[in-house]
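Chain A is already provided as a structure; the job is to place chain B on it using the hints.
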Amino acid sequence: MAKSTGETIWWSLFAAGGVVAALLIPALILTTGLLLPFVDIGAIPNVKSPGFVGLFALAFSVIGKLLLTVAISLPLFHCAHRIVHTSKDLGLHAAHTLIAVLFYGGAIVGTGFAVWVIWLFQPVSS
Amino acid sequence: MPKPYMRKMPATWWLTKRAYFWFMMRELTAVFVGAYCVLLLVLVWKLKQGSPAFGPVMDWLQTPWSIGFHFIALVAALYHALTWFALLPKVIVIRVGEEKLPPILLVGAHWLLWAIVTAGLVWIVFFK
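Those protein sequences? They're chains A and B, same order as listed. This note's numbering applies: residue 1 is where the first sequence begins, and numbers increase by one. This note's numbering applies: residue 1001 is where the second sequence begins, and numbers increase by one.
All the pointers check out, no bait thrown in.
Distance ranges between label pairs, derived from CB positions:
hint : chain 1 : residue 1 : chain 2 : residue 2 : range
1    : A       : 94        : B       : 1071      : 34 to 42 Å
2    : B       : 1090      : A       : 41        : 44 to 52 Å
3    : B       : 1028      : A       : 54        : 28 to 36 Å
4    : B       : 1021      : A       : 88        : 13 to 21 Å
5    : B       : 1035      : A       : 70        : 16 to 24 Å
6    : A       : 97        : B       : 1052      : 41 to 49 Å
7    : B       : 1079      : A       : 88        : 17 to 25 Å
8    : A       : 38        : B       : 1011      : 34 to 42 Å
No lab work stands behind these hints: they were computed from the structure. Cβ coordinates follow ideal geometry from the N, Cα and C atoms, glycine included.
Just chain A, with the same shape it has in the complex (with noise of 0.2 Å):
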């Protein structure tokens, strides 16, 4: 039935989600959050901010491409799974389509947005 089928694909992409969440979500909060707001202004003793050029040539890199890529998008994913499953065993029955539709929507979005960003967007003025 193509229902399990698309239910297997949404699943896949929970767990690929779940495992980058766990494993590089952490990581980036940390450091583009809760580390890099302190260093830029030197309130951190010794250690240098990277700065919009050092920020941009690491993020741009090849690696950085295909990580940035990677956290941003299956984690999208992961989250928008938990958000249609759980909804419905908080009582959203009747607007579990609707819903289902806006979160994977939204996260099919976000990875196209990203990628373009990432991958395509080229600013004429830099």
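Here is chain B on its own, set in the frame of chain A:
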């Protein structure tokens, strides 16, 4: 087709037992993980636009709102990692000869990998 029977449940069922509460907290971690990924996407987008576009992003990262969000998101992501790694021995069974690999080794190996990834990223961004 007959409609499947659905028992009516109050939406607050998960507050009735400790185990249900922690199940819901685990599910809630996904909301923070998803929100962070969207934020990271915006960050990368602004970074690629160039220095003038990235400046305000860096300023925002230094606000208490941002620090507070990232702190909660880190706690959520760590709880996700804790529950995810703890479930692995139920999904993956590795046999060494006749013996089953003890679950603690599998979970420990993943935390070791986690530590290497985390230390590696911090080193590359700030110390290289």
